[in-house]
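Residue numbers (our numbering), protein chains in the order written: chain G, 1 to 340; chain D, 341 to 680; chain F, 681 to 1020; chain E, 1021 to 1360.
Just so you know, the hints here were simulated from the structure itself, not pulled from any lab data.
Every residue gets a Cβ at the ideal spot worked out from N, C-alpha and C, and that includes glycine.
Treat each hint with caution, since some may be false.
Here are the simulated SDA-like cross-link-like pairs (lysine to any residue), alpha carbons at most 25 Å apart as the crow flies [stated by the list, open to error]:
no. : chain 1 : residue 1 : chain 2 : residue 2
1   : E       : K1228     : F       : A958
2   : F       : K912      : E       : A1269
3   : G       : K208      : G       : P281
4   : G       : K232      : D       : G488
5   : G       : K93       : D       : A620
6   : G       : K232      : D       : E491
7   : F       : K912      : E       : G1168
8   : G       : K232      : D       : M341
9   : E       : K1252     : F       : P832
10  : F       : K912      : E       : P1172
11  : G       : K208      : D       : K572
12  : G       : K208      : D       : E551
13  : G       : K232      : D       : E439
14  : E       : K1252     : F       : P992
15  : G       : K93       : D       : E551
16  : E       : K1252     : F       : P913
17  : G       : K232      : D       : K572
18  : E       : K1252     : F       : G828
19  : D       : K572      : G       : K93
20  : G       : K208      : D       : G488
21  : G       : K232      : D       : I446
22  : E       : K1252     : F       : A958
23  : E       : K1113     : F       : A958
24  : E       : K1113     : F       : K912
Here are a few chain D residues that face chain G, going by a calculated C-beta distance under 8 Å [what the hints assert, rightly or not]:
no. : residue
25  : V369
26  : D521
27  : D522
28  : A525
29  : P528
30  : G564
31  : Y588
32  : A619
33  : A620
34  : W651
What follows is a list of derived Cβ distance ranges for each label pair [what the hints assert, rightly or not]:
no. : chain 1 : residue 1 : chain 2 : residue 2 : range
35  : F       : S849      : D       : E551      : 37 to 47 Å
36  : E       : E1256     : F       : S871      : 47 to 57 Å
37  : G       : A246      : D       : S531      : 20 to 30 Å
The chain contents come next:
Number of protein chains: 4
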Amino acid sequence: MRVGVFGATGYTGRELVRLLRRHPRASVVFTTGSGGGHLAHEDGLEQAADAYMLALPHGIAASYAARLREARPEAVVVDLSGDLRLPTAAAYKQWYGHEHPAPQLIGQAVFGLSEAYRDRLPGARLVSNPGCYATSVLLPLIPLLRDGLIEPSDIVADAKSGASGAGRSLREDLLFCELSDDFSAYSPGRSHRHVGEIEAALQERTGKSVELTFCPHLLPVKRGILTALYLKPTREVSELRRALEAAYAGSAFVHVVDAPPRLSDVVETNDCRISVHAAAPGRAVVFSALDNLVKGAAGQAIQNLNLALGWPEAEGLVSAFAPGAGGLAASGAKPAGAST
Amino acid sequence: MRVGVFGATGYTGRELVRLLRRHPRASVVFTTGSGGGHLAHEDGLEQAADAYMLALPHGIAASYAARLREARPEAVVVDLSGDLRLPTAAAYKQWYGHEHPAPQLIGQAVFGLSEAYRDRLPGARLVSNPGCYATSVLLPLIPLLRDGLIEPSDIVADAKSGASGAGRSLREDLLFCELSDDFSAYSPGRSHRHVGEIEAALQERTGKSVELTFCPHLLPVKRGILTALYLKPTREVSELRRALEAAYAGSAFVHVVDAPPRLSDVVETNDCRISVHAAAPGRAVVFSALDNLVKGAAGQAIQNLNLALGWPEAEGLVSAFAPGAGGLAASGAKPAGAST
Amino acid sequence: MRVGVFGATGYTGRELVRLLRRHPRASVVFTTGSGGGHLAHEDGLEQAADAYMLALPHGIAASYAARLREARPEAVVVDLSGDLRLPTAAAYKQWYGHEHPAPQLIGQAVFGLSEAYRDRLPGARLVSNPGCYATSVLLPLIPLLRDGLIEPSDIVADAKSGASGAGRSLREDLLFCELSDDFSAYSPGRSHRHVGEIEAALQERTGKSVELTFCPHLLPVKRGILTALYLKPTREVSELRRALEAAYAGSAFVHVVDAPPRLSDVVETNDCRISVHAAAPGRAVVFSALDNLVKGAAGQAIQNLNLALGWPEAEGLVSAFAPGAGGLAASGAKPAGAST
Amino acid sequence: MRVGVFGATGYTGRELVRLLRRHPRASVVFTTGSGGGHLAHEDGLEQAADAYMLALPHGIAASYAARLREARPEAVVVDLSGDLRLPTAAAYKQWYGHEHPAPQLIGQAVFGLSEAYRDRLPGARLVSNPGCYATSVLLPLIPLLRDGLIEPSDIVADAKSGASGAGRSLREDLLFCELSDDFSAYSPGRSHRHVGEIEAALQERTGKSVELTFCPHLLPVKRGILTALYLKPTREVSELRRALEAAYAGSAFVHVVDAPPRLSDVVETNDCRISVHAAAPGRAVVFSALDNLVKGAAGQAIQNLNLALGWPEAEGLVSAFAPGAGGLAASGAKPAGAST
């Protein structure tokens, strides 16, 4: 399968190429810079591949998607930008501040939260990959909300991300001397763009309207997101855990664990680790950890490609839980080791 | 004023000595290792100084305090351990897991949250310095709760601390290779010891019973605590901010700011910076940042010493807000700079 | 092939297990803790495997090697400790400060600097894996010295290593709060143990006696060694480069590059990158970069296992230069290695 | 004394303002951005102050210096750029690649390596502050070379600097995600600009012509330079140490120590720590550590201002060795602590 990558020079695009190169069924036939290349008719890029990954800035990505959909309806297009995540043009304008670049595509893409959209991904030809924060929030929330185990009216997400989540942009606040030894929150309350896609996906998958409190923070590390969700259970906390275990039983990548997960458990894997803990009476805390560049971006994009094409879901991807392949995992993922 | 420091080799004790050495009215006359020295009668240490700072492990510190109180009733003793922070022996046993080492001192110490206990600190001879997390939680919470501006029944604190908060102990999880690039929560829910002293101080100062949800995290930085408080206001969010501004008007070290504070704003100062933000309907988020070794430990201990002795409260301490002394501030505290 | 790992809990042992688990021909049949386990007759461990990797402390490893050699002469034993690197018991005592634990093995092991000992590794049953610093110094030096391109009398090596090189030991200087933001030299001049094995290998492979100046430094990073060699060429600097290119032509892992190599070029690969630059008249500087846990320890141990058993040299190992996968790889980029 | 700072927004300028604000005799009367402001006649800035610090880019700084010298011959001007460090216009063009912006000033400035130019700094009205690397190399080299204790023909400097040395520029290689966990050399051999000023100062102060081998490296830390000098002594190594001790006896900031100095010993102080060690026969290694923003830039600029004006040399500056003021020192500078 010939795969083309638009936008291969940012952190996400680079990770995408890295992962695709070890995918046994995919062959990277071209990459373009993060500006996006021209995709003029004469480029022929829209004929060059059978699947396209768009790691382009929002506002640009959707017009590429539109062009590729038209030129090659049978090709798979996975858009990693935010352009196709929201259900209406109005919502897009609200969160992104400008008109949608390709409104004809709104509603056409499957939201690529792989585990939650398994019903719609097989055969999909246009996939909108979720945001990294959104993935970390939605994987634990969807089953709990769908099963009525938590109050929809009072959900708090306190999220912390490594700096690669901000991309490779030349911003002063991303300089080593600014970020090293420092830590801070940004876009507090409800102002971060991922709030929009989280609430839209919760509505779509669970039928519940949620107004989320969401505070992202910037960690002085390169990779990884750890989110703490403060929830109001309607049942025993142990039932929340059981519901999550049931929802992700057999999942290659989403795992319910006992102790609060560490970034190093998940970095360089496509895993998301979730733990559930009692808190004050009537409160529970749920932690969710993933690698923002893998399960939060490039890895999940490949997982979606696999699902869309009917390939084995985990192909080309790494899990610290993979049978016999704990060792495949990166340094952080400490394999248990048969001990004497 | 001759000051003796018991336990000067840990991170807190070292910071204490560093700060005391530039205090214009204090002279460090002896220091002991963090084991605590012997304090046998023949040492004469209890006669050597006029003020004593105890940066010793809990379970040990209180017996030193008792001995010093007996030998030198007129000397000031500031205990930086957790031994004297809880109001009853039962509470101590619950949170620390063993009997109190000097039960006769329970209820004798003033809780040294300087700004909140200004009524009791002048003339105090036994001060119990609060925990670093407790300081970061209590400074914003006390005024809001006392004034009835938030629901006492639903308070969430998501706290993140640099590694020096864990002390200088030889624990594998504190090795550079374990902590660097990593991030994780620990003691989730209500299991951290500081929960006890936070709730006791809230009860004592505001008359409200609170059952706090509190999740501390370990940051890959050396210094600094940033806490996010998720609260249910009973009034407009702007009133919360105004109440905090009023509570800390004229305070040398506690400041209400607009943007979420960064660790680098407060590191190596005795400041605590607080910001207030709207969140989902019916929710607010309040951030609080301080240096765990300064305002969270050694700096506040000196502030308490100043208050106990009737000295100027800020003597020997650094604030990025000090008039004309923005320049005293550490690198993080960017002085405004008159510009052309 | 059944492989047993003694000492799998330190950083090197953990990396060894991680790499072996993805080796297509090896199966890890047991691991022991870094204390070493007992290896009593009743354990049966010396029958359990066909190859043994010893990631044990020096002073202990050689007695394990002796026991395994006796019990299973046909098994391959790769010792990653310093016990078998020196040519005489006297040299061992000089550098390690105690008697050799198994003097009968001295001179029995092949020195496992894979590229330099390709003549002796095939069929070897006892391999002594070189030290991480030694590997970084010897790979560039051996060809230059052997070909008479540099003065043997004046060689300076200024080496910088990540903290995992010091192992997982509970030393205060390895705590995050001590090492973060810091940098320093240690064992300056000629006092580091690797000086002994470097000089012994240079003598053995090139016939030249060298008295090396060697200064190691501790970097605030987890992995990687970068060494600067200050040399006196006897010919043009360009000839030094050509000689290194010729020596490593066709090498899977050792590559001569143009720009000074970065740690991120080699971390998590088995590569060593070398560059050559002119300096003051009569001087050249040669940089050498590798991952201390991979080419400097676990990866080279597997490379030696491959060579000893006649397997493809690169099996189970990662190179950024591997055909089809390689050079694209920036820091993150770990190409496939041996795959599906 | 009214002091004006041109270029106060870069890391050096910011540090300068921070230090000046706590200087008891200086008052910062204006600052400009690092672009430089206009300094048009109508600004009146050249009348606004009695001393001027130029933390401007090279190529710009000298024209400001020329203008200020003309307008206010009696004012002190300290230029922190490289514009006035080289003795001839030809040398300037060679190292900086363009014509000198104010050739009439060449030869007019005193080279502000404070300890080495004490004879010329009192009364100076134009001071050229040395580069950070140059300071770390020259402080140990000048006494050794002047006293004939080392061969001038063979000097190697392997230097490592924190990232603030590269300034606050928006360069991709200075992003947190690029620099964190990484380490590399740059400008190897003799290509770094500081080589020119080092050799010029050695010539001027010792009469010896040196062709230096100099390799700078970029450390993943914010502040600090550690340089290793590999030298050929003409006498016993112990005599080198004694000569340095004699040269810096009574110095407030330059200290000869026993163990290799750490960055944390000197960061946030104006100190330079030097140690001397034997190496291979006929070789010695000398380490030199300082804070690139303090002794390597802003601190030394203030030291020069003090010397030029006849003020106490250490006024407004921090040393971990200052009598009674160890405590002024930053966290890294561990005060000795009288112990029981």
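Results for each hint:
As the CA atoms of E:K1228 and F:A958 are separated by approximately 22 Å, the hinted pair is consistent with the 25 Å bound. With a C-alpha separation of about 36 Å, the suggested pair F:K912 and E:A1269 falls outside the 25 Å cut-off, and the hint is violated. Of the supplied pair hints, the one linking G:K208 and G:P281 holds, its CA atoms being roughly 24 Å apart against a limit of 25 Å. At roughly 23 Å between alpha-carbon atoms, G:K232 and D:G488 fall within 25 Å of each other, so this suggested pair holds.
Taken as a hint, the G:K93 and D:A620 pair is honoured in the structure, with Cα atoms around 20 Å apart against an allowance of 25 Å. Straight-line distance between C-alpha atoms of G:K232 and D:E491 comes to about 15 Å, which keeps the hinted pair within the 25 Å bound. For the given pair, F:K912 sits about 23 Å from E:G1168 by alpha-carbon distance, which is consistent with the 25 Å threshold. Our distance criterion of 25 Å between C-alpha atoms is broken by G:K232 and D:M341, whose separation comes to about 53 Å.
Distance hint between E:K1252 and F:P832 is fulfilled; the C-alpha atoms sit about 16 Å from each other, no more than 25 Å. Taking the CA atoms of F:K912 and E:P1172, the gap is near 16 Å; set against the 25 Å cutoff, the hint holds. Our distance criterion of 25 Å between C-alpha atoms is met by G:K208 and D:K572, whose separation comes to about 22 Å. Taking the CA atoms of G:K208 and D:E551, the gap is near 29 Å; set against the 25 Å cutoff, the hint is violated.
At roughly 35 Å between alpha-carbon atoms, G:K232 and D:E439 are farther apart than 25 Å, so this suggested pair is violated. Between E:K1252 and F:P992 the CA atoms are separated by roughly 46 Å; this puts the pair beyond 25 Å, and the hint is violated. Only pairs whose Cα atoms come within 25 Å are accepted, and G:K93 paired with D:E551 is rejected, the gap being roughly 41 Å. Annotation: proposed proximity of E:K1252 to F:P913 holds, straight-line Cα distance about 17 Å (limit 25 Å).
As the CA atoms of G:K232 and D:K572 are separated by approximately 14 Å, the hinted pair is consistent with the 25 Å bound. Straight-line distance between C-alpha atoms of E:K1252 and F:G828 comes to about 23 Å, which keeps the hinted pair within the 25 Å bound. Taking the CA atoms of D:K572 and G:K93, the gap is near 30 Å; set against the 25 Å cutoff, the hint is violated. Distance restraint check for G:K208 and D:G488: the Cα-Cα separation of roughly 32 Å exceeds the 25 Å cut-off, and the hinted pair is therefore not satisfied.
For a cut-off of 25 Å, the pair hint linking G:K232 to D:I446 is broken: about 36 Å separates their Cα positions. Between E:K1252 and F:A958, the direct Cα distance comes to roughly 20 Å. Compliance with the 25 Å bound is thereby established for this hinted pair. Taken as a hint, the E:K1113 and F:A958 pair is honoured in the structure, with Cα atoms around 22 Å apart against an allowance of 25 Å. Between E:K1113 and F:K912 the CA atoms are separated by roughly 30 Å; this puts the pair beyond 25 Å, and the hint is violated.
Nearest Cβ of chain G to the Cβ of D:V369: about 34 Å, over the 8 Å cut. The hint is violated. A cut of 8 Å between beta carbons decides the hint on D:D521: the least distance to chain G is about 5 Å, and the hint holds. Hint on D:D522 holds. Least Cβ distance to chain G is approximately 5 Å, under the 8 Å limit. Residue-level restraint check for D:A525 holds (minimum Cβ-Cβ distance to chain G is 4 Å; threshold 8 Å).
For D:P528, the suggested interface contact is upheld, since its CB lies about 4 Å from the closest CB of chain G, less than 8 Å. For D:G564, the shortest C-beta to C-beta distance to chain G is roughly 7 Å, which falls under 8 Å, so the interface hint holds. Among the interface hints, the one on D:Y588 is violated; its C-beta lies about 20 Å from the nearest C-beta in chain G, farther than the 8 Å criterion. With a least beta-carbon distance of about 4 Å to chain G, the hint placing D:A619 at the interface is held under the 8 Å criterion.
Taken as an interface hint, D:A620 checks out: its beta carbon lies about 4 Å from the nearest beta carbon of chain G, inside 8 Å. Given hint, D:W651 at the interface with chain G, is violated; its Cβ is 32 Å from that chain's nearest Cβ, farther than 8 Å. Checked against the given bound of 37 to 47 Å, the beta carbons of F:S849 and D:E551, roughly 42 Å apart, stay inside it. In this structure the supplied range 47 to 57 Å is violated for E:E1256 paired with F:S871, their Cβ-Cβ distance being about 18 Å.
The given range of 20 to 30 Å is respected by G:A246 and D:S531, whose C-beta atoms sit roughly 27 Å from each other.
Consistency note: the structure conflicts with the earlier hints numbered 2, 8, 12, 13, 14, 15, 19, 20, 21, 24, 25, 31, 34, 36.
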